[in-house]
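These protein sequences, in sequence, are chains A and B. Per full-length UniProt numbering, the very first residue in the first sequence carries number 1; after that it's consecutive. Per full-length UniProt numbering, the very first residue in the second sequence carries number 1; after that it's consecutive.
One should not assume that every hint holds.
Same chains, same label: a pair holds when it works inside one copy or across any pair of copies.
Cut-off 25 Å, straight-line C-alpha distance, at most; resulting in silico cross-link-like pairs (DMTMM-like, lysine to aspartate or glutamate) [stated by the list, open to error]:
no., residue 1, residue 2
1, K134, E121
2, K96, D304
3, K59, D216
4, K233, E121
5, K266, E121
6, K59, D8
7, K62, D153
8, K308, D268
9, K62, D119
10, K233, D309
11, K39, E251
12, K62, E265
13, K232, D309
14, K62, E322
15, K308, D216
16, K59, E121
17, K62, E242
18, K219, E157
19, K134, D119
20, K293, E157
21, K134, E322
22, K39, E320
23, K96, D82
24, K232, E121
25, K232, D275
26, K134, E15
27, K232, D119
28, K308, D146
None of these hints come from the bench; they were simulated from the model.
Protein chains: 2
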Amino acid sequence: MTPNQLADALHRQFEQTPYGQSPAELYDPIRYIMSLGGKRMRPLMTLLAASLFTDDWQKALKPAVAVEVFHNFTLLHDDIMDQAPLRRGQPTVHEKWNANIAILSGDVMLVKAYEQLLDIEPTYLRQVLTRFSKTAAEVCEGQQMDMNFESLDTVSEAEYIDMIRLKTSVLLGFAMEVGGIVAGADPVSTQCLYDAGVNIGIGFQLKDDLLDVYGDPAKFGKQVGGDIIANKKTFLLIEALERANGQVRLELLNWLTQSEFDKAEKVDAITSIYDQLGIRELAEARIADYFAKGFANLEHITADPARKDVLLTFAHQLVERES
Amino acid sequence: MTPNQLADALHRQFEQTPYGQSPAELYDPIRYIMSLGGKRMRPLMTLLAASLFTDDWQKALKPAVAVEVFHNFTLLHDDIMDQAPLRRGQPTVHEKWNANIAILSGDVMLVKAYEQLLDIEPTYLRQVLTRFSKTAAEVCEGQQMDMNFESLDTVSEAEYIDMIRLKTSVLLGFAMEVGGIVAGADPVSTQCLYDAGVNIGIGFQLKDDLLDVYGDPAKFGKQVGGDIIANKKTFLLIEALERANGQVRLELLNWLTQSEFDKAEKVDAITSIYDQLGIRELAEARIADYFAKGFANLEHITADPARKDVLLTFAHQLVERES
């Protein structure tokens with residue numbers, strides 16, 4: 001199966017998934033946030049992982065939906081916590097309805113994610129639910145760490161990598177792992193799929209941090225420099241704070257503590273500091289490292305070479321994205 | 001086993017249950033809300049239900065904890081939605097920490113409730129998780145209906161009963177059912193346990209509505225008349241609005257639309273309207289009906305009579321509570 005064929009099957013599966021009807025205030029927000037789209041990269045990786053080991057990749061469809069529903073549940077609740085007005089260019093659930101409805105429809109989405117996993121073959125059910133629950137708790141841990149970082153003066157690179165591993169990467173790891181499990185993969189290959197997902201996921205998040213500053217405005221979906229304007233503790237800022245000395249450090253701290261400033265001027269100034277400190281090259285090297293680790297994990301998997309090629313080709317396209 | 005012995009075992013189980021450690025802001029609120037106590041009626045009913053069918057009631061301990069953790073998760077999130085300052089006389093989680101921490105630690109509590117169910121024997125795992133997920137979604141539906149009722153002019157008795165069935169009773173139903181399932185009960189008995197829990201649960205909620213007005217202030221844990229002061233659409237108010245005519249109706253509507261009033265005067269006046277309309281007797285009759293249905297469900301269960309007596313005696317004590 002080609003990635004496009006799997007994406008079509010996934011699209012049909014999402015359209016057929018019933019989330020619930022009444023009361024409408026509880027279930028409409030689920031359909032709304034699921035309809036906003038997104039790249040659906042995680043569930044597609046679930047199907048690609050399953051396709052490595054079986055022609056019956058359809059058995060991974062519901063687990064793939066579970067991953068995407070869970071991901072959207074976290075977006076829904078994170079948007080309340082961040083008081084974000086927009087998600088994918090549309091009003092967030094707490095803006096379109098209200099915060100109480102957003103809390104409660106998020107809660108029921110988490111239940112619906114679990115429900116999508118219950119048709120898994122009994123042999124794999126406990127294993128998958130144990131792994132999913134651990135992943136879900138870790139994603140919450142990562143979100144809490146991210147919130148904690150906002151009020152810290154300094155965050156180390158190791159702490160930052162640990163936070164993004166939990167908040168964003170373990171879910172890609174689980175997405176790939178569960179595809180392998182339900183397809184009957186051997187334990188070593190299953191572990192490799194998980195590790196690959198985590199490493200590629202960390203690479204993605206670091207690339208997101210990089211594109212915020214160095215992305216092509218025509219390709220990058222968000223405002224370039226948004227993280228800089230908001231003083232967001234990204235990989236770039238954390239490294240800059242660790243490396244900057246003397247006058248450069250004073251200039252950086254000065255920008256970070258200004259409450260009124262010209263946005264374009266701040267973005268230019270901090271980008272220039274990053275340039276002087278070699279932060280771009282450092283980030284690019286780290287991203288390349290994590291992607292390389294992820295691909296090494298994939299190489300380790302015992303599966304038909306032609307099938308592996310489909311996954312590897314797709315993963316290479318993914319990591320080269322500019323948005 | 002006596003109910004006291006089971007309650008002791010349950011207490012030890014709660015003390016041994018690990019909820020997680022780091023970050024502390026995520027997991028401390030779970031230990032905090034679990035430490036506030038409460039009657040722990042639901043998990044005790046899980047153990048009593050299991051004891052009907054097996055000496056190995058210990059296998060129901062983790063499912064019992066799952067029920068209580070889930071119940072406390074709903075309290076935690078409901079308190080945010082209701083902006084409640086106190087829970088069991090102590091600051092609510094969103095007051096003691098903040099709303100974001102309350103949302104996120106609630107989310108992880110729901111995951112932890114599922115985790116407590118994963119050690120169930122594989123034969124019963126899918127059944128229990130399917131029933132738990134359905135119950136969890138229904139509790140959210142009931143909470144949403146309750147919020148919707150606040151902005152409605154009229155609510156029918158049937159709509160009200162349906163709301164409390166979902167918001168509070170199905171969880172007692174599941175608590176008893178899961179005890180039966182893991183103890184290997186036959187499907188008819190399992191269904192009877194569920195139905196008994198739902199019926200007794202509805203009776204409890206109606207009794208709560210009644211005690212708010214007619215409870216002994218020395219025994220009732222909350223402020224008598226609190227629902228009246230807040231215009232809460234309880235069974236009593238819904239019935240009064242359905243029955244009041246002429247001058248009595250005008251007086252009732254007048255009290256409901258006053259924005260400034262003497263609290264004691266309002267409680268006295270509306271209680272007097274309830275008295276005139278026979279609302280107390282009506283509520284008592286409905287409560288007796290639901291309890292009777294619940295006990296009839298219990299009678300239907302196929303189990304050793306001596307063991308059934310333990311459950312029936314305990315349930316009789318519960319339904320006669322005054323707080």
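25 Å Cα threshold - placement of E15 relative to K134: between (28 Å within a copy, 21 Å between copies)
First find the shortest C-alpha distance between K134 and E322 inside one copy, then the shortest across copies, and answer within, between, both or neither for a cut-off of 25 Å. Cα proximity of K134 and E322: none, with 31 Å in one copy and 42 Å across.
Regarding K39 and E320, is the shortest C-alpha distance of 25 Å or less found within a copy, between copies, in both, or in neither? within (14 Å within a copy, 57 Å between copies)
Please work out whether the CA atoms of K62 and D119 approach to 25 Å or closer within one copy, between two copies, in both situations, or in neither? Both, since 8 Å and 23 Å are each at most 25 Å.
Homo-oligomer pair classification [E157, K293; C-alpha up to 25 Å]: within (18 Å within a copy, 62 Å between copies)
25 Å Cα cut-off: does K219 pair with E157 within a copy, between copies, both or neither? neither (28 Å within a copy, 57 Å between copies)
How would you classify K59 and E121 at a CA-CA limit of 25 Å: within, between, both, or neither? both (9 Å within a copy, 23 Å between copies)
Can you give me the call for K134 and E121, within, between, both or neither, at a CA distance of at most 25 Å? both (20 Å within a copy, 20 Å between copies)
If the cut is 25 Å between Cα atoms, do K62 and E322 qualify within a copy, between copies, both or neither? neither (30 Å within a copy, 48 Å between copies)
25 Å Cα threshold - placement of E121 relative to K232: neither (43 Å within a copy, 47 Å between copies)
Intra- versus inter-copy proximity for D268 and K308 (alpha-carbon distance at most 25 Å): neither (43 Å within a copy, 76 Å between copies)
Same-copy or cross-copy closeness of K134 to D119 [CA-CA at most 25 Å]: both (19 Å within a copy, 14 Å between copies)
Comparing the model with each numbered hint stated earlier shows that hints 2, 3, 4, 5, 7, 8, 10, 11, 12, 13, 14, 15, 17, 18, 21, 24, 27, 28 do not hold.
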